[in-house]
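Visitor: Sequence:
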Amino acid sequence: MNLDQFNDRQKEAILATEGPLLILAGAGSGKTTVVVNKIAYILEQSLARPYQILAITFTNKAANELKDRVEGLIGDGAEGMWIGTFHSVCMKILRRNISLLGYASDFLIYDSADQKTLIKRCLKELGMDEKTFPPKSMLAEISNAKDNLMEPDVFLAAYNGDFRMTKVGELYKLYQKRLFEANALDFDDIIILTVKLFSLDAEVLEFYQNKFRYVFVDEYQDTNNAQYLLTSQLAGKYRNICVVGDDDQSIYKFRGANINNILDFEKEFDQAKVIKLEQNYRSTQNILNAANCVIANNAGRKGKELWTSNGAGDKILLFEADNEYEEADYIGKTIEKLVKVDGMRYCDCAILYRTNVQSRVLETTLSGFGIPYRVLAGLRFYDRKEIKDMLAYLRLVFNPNDNLSLMRVVNEPSRKIGVTTVEKVAAAAAGRDISMFAAMEIADTIPELAKVTEKLLTFTKLIREIQTDTDQTQPSKIIEAVYKRSGYMDMLLSEDSVENQTRIENIQEFILSAEEYEKSSEEPTLFEFLENTALIADVDNYDTEADSVVLMTLHSAKGLEFPAVFLCGLEEGLFPSQRSMYSEEEIEEERRLCYVGITRAKKRLTLSYAMRRSMYGGSVYSKASRFLDEIPQQYVDIVEADRSPKTEVGGRKKAKSQSDLFQEIFERKSAGVRTEPVSYDFKAGDMVVHKKFGTGMILSVTPAGGDVKLEIVFDEVGTKSLMGSFARLKKAQ
1 MNLDQFNDRQ
11 KEAILATEGP
21 LLILAGAGSG
31 KTTVVVNKIA
41 YILEQSLARP
51 YQILAITFTN
61 KAANELKDRV
71 EGLIGDGAEG
81 MWIGTFHSVC
91 MKILRRNISL
101 LGYASDFLIY
111 DSADQKTLIK
121 RCLKELGMDE
131 KTFPPKSMLA
141 EISNAKDNLM
151 EPDVFLAAYN
161 GDFRMTKVGE
171 LYKLYQKRLF
181 EANALDFDDI
191 IILTVKLFSL
201 DAEVLEFYQN
211 KFRYVFVDEY
221 QDTNNAQYLL
231 TSQLAGKYRN
241 ICVVGDDDQS
251 IYKFRGANIN
261 NILDFEKEFD
271 QAKVIKLEQN
281 YRSTQNILNA
291 ANCVIANNAG
301 RKGKELWTSN
311 GAGDKILLFE
321 ADNEYEEADY
331 IGKTIEKLVK
341 VDGMRYCDCA
351 ILYRTNVQSR
361 VLETTLSGFG
371 IPYRVLAGLR
381 FYDRKEIKDM
391 LAYLRLVFNP
401 NDNLSLMRVV
411 NEPSRKIGVT
421 TVEKVAAAAA
431 GRDISMFAAM
441 EIADTIPELA
451 KVTEKLLTFT
461 KLIREIQTDT
471 DQTQPSKIIE
481 AVYKRSGYMD
491 MLLSEDSVEN
501 QTRIENIQEF
511 ILSAEEYEKS
521 SEEPTLFEFL
531 ENTALIADVD
541 NYDTEADSVV
551 LMTLHSAKGL
561 EFPAVFLCGL
571 EEGLFPSQRS
581 MYSEEEIEEE
591 RRLCYVGITR
601 AKKRLTLSYA
611 MRRSMYGGSV
621 YSKASRFLDE
631 IPQQYVDIVE
641 ADRSPKTEVG
651 GRKKAKSQSD
661 LFQEIFERKS
671 AGVRTEPVSY
681 DFKAGDMVVH
691 KKFGTGMILS
701 VTPAGGDVKL
711 EIVFDEVGTK
721 SLMGSFARLK
731 KAQ
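Under UniProt numbering, the sequence shown has 31 at position 31, and the numbering climbs by one with no breaks.
Note that these hints are calculated values from the structure, not bench results.
Note that the structure is predicted; figures quoted are calculated from it, not measured.
Honestly, I wouldn't trust all of these hints.
[Claimed, not checked] Quick list of in silico lysine to aspartate or glutamate cross-link-like pairs, EDC-like style, CA-CA up to 20 Å:
1. K92 / D8
2. K731 / D686
3. K302 / E278
4. K253 / D188
[Claimed, not checked] Listed next, with one range per pair, are the computed distances between beta-carbon atoms:
5. A140 / G161: 18 to 24 Å
6. V620 / A158: 53 to 59 Å
7. L47 / V620: 57 to 63 Å
8. T453 / D201: 58 to 64 Å
9. T473 / F369: 27 to 33 Å
Glycine residues also receive a C-beta, built at the ideal position from the N, C-alpha and C atoms.
Start from the sequences, fold in the hints, and give me the full structure.
Guide: Dropping the structure here:
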């Protein structure tokens with residue numbers, strides 16, 4: 001194997017074949033290439049046969065890519081390797097051995113819909129009210145218990161004396177009993193039963209430990225407790241476990257990911273080797289400097305500094321908008337320039353945001369510019385379930401004979417009008433050559449609908465009342481009436497979940513879009529509003545390979561890269577989110593999310609925020625995100641909005657200097673934020689105090705692109721690398 005194509009750290013990682021190894025792979029550092037060549041090297045050196053290698057990924061796409069690249073490198077020599085997701089690997093093991101746990105090998109897998117149906121049945125069986133014990137919340141509690149390897153009896157013992165959690169434990173116990181009776185597993189069971197199998201049967205564990213001489217785990221920072229235990233069990237004999245990950249990109253805590261798995265790797269695996277891949281092949285140095293400076297503010301990290309030979313590149317652009325419309329307008333105009341003047345393609349551009357609700361204004365603006373776009377790893381605003389439901393109600397209010405819209409919402413929220421009843425209504429309508437709505441209005445004259453007449457008439461009465469009580473020139477009021485009177489609002493408020501909160505925010509955003517339409521139209525009507533939303537929807541009928549701008553949340557962007565990235569909505573309370581404001585741990589997760597967003601950019605990065613944004617049914621005034629203040633001024637150019645007042649002779653006022661603009665922006669932030677230049681009057685051996693890390697001693701001071709990099713050993717948290725421009729150190733007295 002020719003290793004000349006690799007940098008020194010990559011070579012070291014490929015050649016380190018024995019013992020536990022953590023490859024701390026920074027964004028864009030070529031980690032997949034390293035893993036592929038490491039596997040090829042092991043086979044080339046005859047250290048293992050293909051069937052003795054196990055490689056675990058998090059997605060089928062990643063598994064297929066890894067498999068294809070290994071096969072492309074060594075051909076048939078890769079046949080027999082186990083490459084797959086955690087779930088697919090565990091499924092193989094369980095199909096062969098699950099009888100030892102009392103299940104039949106032809107077990108079923110219950111998906112999320114099956115789980116919800118089962119948990120509802122269990123709630124009913126135990127006489128537990130769904131409003132007090134919401135099904136989704138209960139499934140989340142059970143999933144969390146399983147991740148922590150707490151079986152029902154252990155769970156009940158742990159919460160003995162806690163009335164609510166005891167009820168949850170009883171539900172968990174019945175849920176597992178019913179799963180077992182059906183010879184079924186849910187997704188969590190697939191992994192925890194494999195861990196349990198290995199714990200209970202030493203012979204089975206030994207078989208797989210002998211089989212897999214080399215174990216590879218990708219995206220190790222995203223593993224949960226059960227996944228950590230599983231890989232530790234499999235690597236227990238040979239200890240040839242290679243985990244690849246980046247603690248700075250650990251952004252899935254809400255899914256159960258435990259960042260401590262990667263932070264504590266050396267503690268868990270004695271004599272583990274750590275190799276840092278810090279050379280980035282994706283971005284320019286200015287982009288990397290910004291990312292390095294932001295993430296260095298996190299205390300809970302192993303520490304690394306990304307660098308590149310790609311050159312400094314353009315400075316990062318920072319745009320301060322008056323509101324989200326000005327922000328979206330600037331992004332649209334900039335994309336037009338990148339494509340028409342700079343020669344980029346639309347698909348070279350990505351717009352990243354913290355929450356899905358931000359996409360609506362962006363989508364509308366891009367449509368207005370005629371810019372093709374697609375929403376990746378998420379639904380287009382008008383395709384989201386709650387918005388489609390609201391649109392169906394509006395179409396029904398406008399035209400009660402719209403059978404398709406009626407079928408969508410007649411039982412949304414639940415009115416106990418099931419599929420069988422809907423089929424009977426459809427048949428009765430067809431037999432009488434009338435619409436389904438018309439048939440429902442005369443249900444008391446149709447024998448086959450006698451048992452459900454009251455339910456059907458209640459629904460038709462709702463639609464008629466909304467028609468009568470609302471003004472067709474005010475679509476926003478019709479949406480509000482539908483939302484409240486239909487029971488949809490009560491349904492969403494009945495369960496305090498992140499998903500429901502997002503849906504509520506989306507409906508509020510939809511109402512806001514209707515209000516904007518009313519203001520902009522000379523003669524607003526419900527018909528025209530519906531037509532406009534349909535036209536916006538048509539813009540998104542794209543081919544997945546088409547040349548279009550990509551819109552996505554920051555969570556969806558992980559693992560992707562684009563020549564031009566627009567990271568918008570950088571405001572306190574939005575990014576970082578309001579939910580994170582009271583926990584340093586949560587703020588650090590938000591900062592990692594910001595780091596992920598910044599490192600998606602290859603050549604151009606634009607950051608933006610709005611001083612005022614329409615949210616939660618009102619107008620919210622915001623401060624610039626703290627993450628912006630963590631990026632030193634020398635890496636950023638501020639773009640001033642084209643709204644400067646004219647002088648008396650018609651010309652624009654003199655443009656402000658970059659330093660003036662910086663000071664103006666950050667003076668708007670809360671007191672205590674740095675606006676003065678930082679003194680670099682530090683040298684190795686100085687004792688210093690950091691507001692977060694405490695007292696420490698400077699080990700080294702290294703120039704770094706107009707800044708200085710300080711290596712400091714702190715009494716409480718160990719060694720940290722900080723940039724002088726934002727470390728805010730004080731000399732110890």
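Visitor: A range of 57 to 63 Å was offered for this pair. Does it hold for the Cβ distance of L47 and V620?
Guide: Since the Cβ atoms of L47 and V620 sit about 59 Å apart, the hinted range of 57 to 63 Å holds.
Visitor: Tell me if the beta carbons of V620 and A158 are separated by a distance inside 53 to 59 Å.
Guide: violated (41 Å)
Visitor: Does 58 to 64 Å hold as the CB distance between T453 and D201, or does it fail?
Guide: For D201 against T453, whose Cβ atoms are near 60 Å apart, the range 58 to 64 Å holds.
Visitor: Just to be sure I understand the hint, the distance between the Cβ atoms of A140 and G161 should be within 18 to 24 Å; is that true here?
Guide: holds (22 Å)
Visitor: Given the hint that K731 pairs with D686, does the C-alpha gap stay at or below 20 Å?
Guide: It holds: about 7 Å lies between the C-alpha atoms, which stays within 20 Å.
Visitor: For K253 and D188, compute the direct alpha-carbon distance and say whether it is at most 20 Å.
Guide: Between K253 and D188 the Cα gap is close to 16 Å, so the pair holds against 20 Å.
Visitor: For K302 and E278, compute the direct alpha-carbon distance and say whether it is at most 20 Å.
Guide: holds (13 Å)
Visitor: Given a hinted range of 27 to 33 Å, is it respected by the beta-carbon distance of T473 and F369?
Guide: holds (28 Å)
Visitor: K92 and D8 were given as a pair; does the straight-line alpha-carbon distance stay at or below 20 Å?
Guide: violated (37 Å)
Checked against the numbered hints listed earlier, the structure breaks hints 1, 6; every other hint is satisfied.
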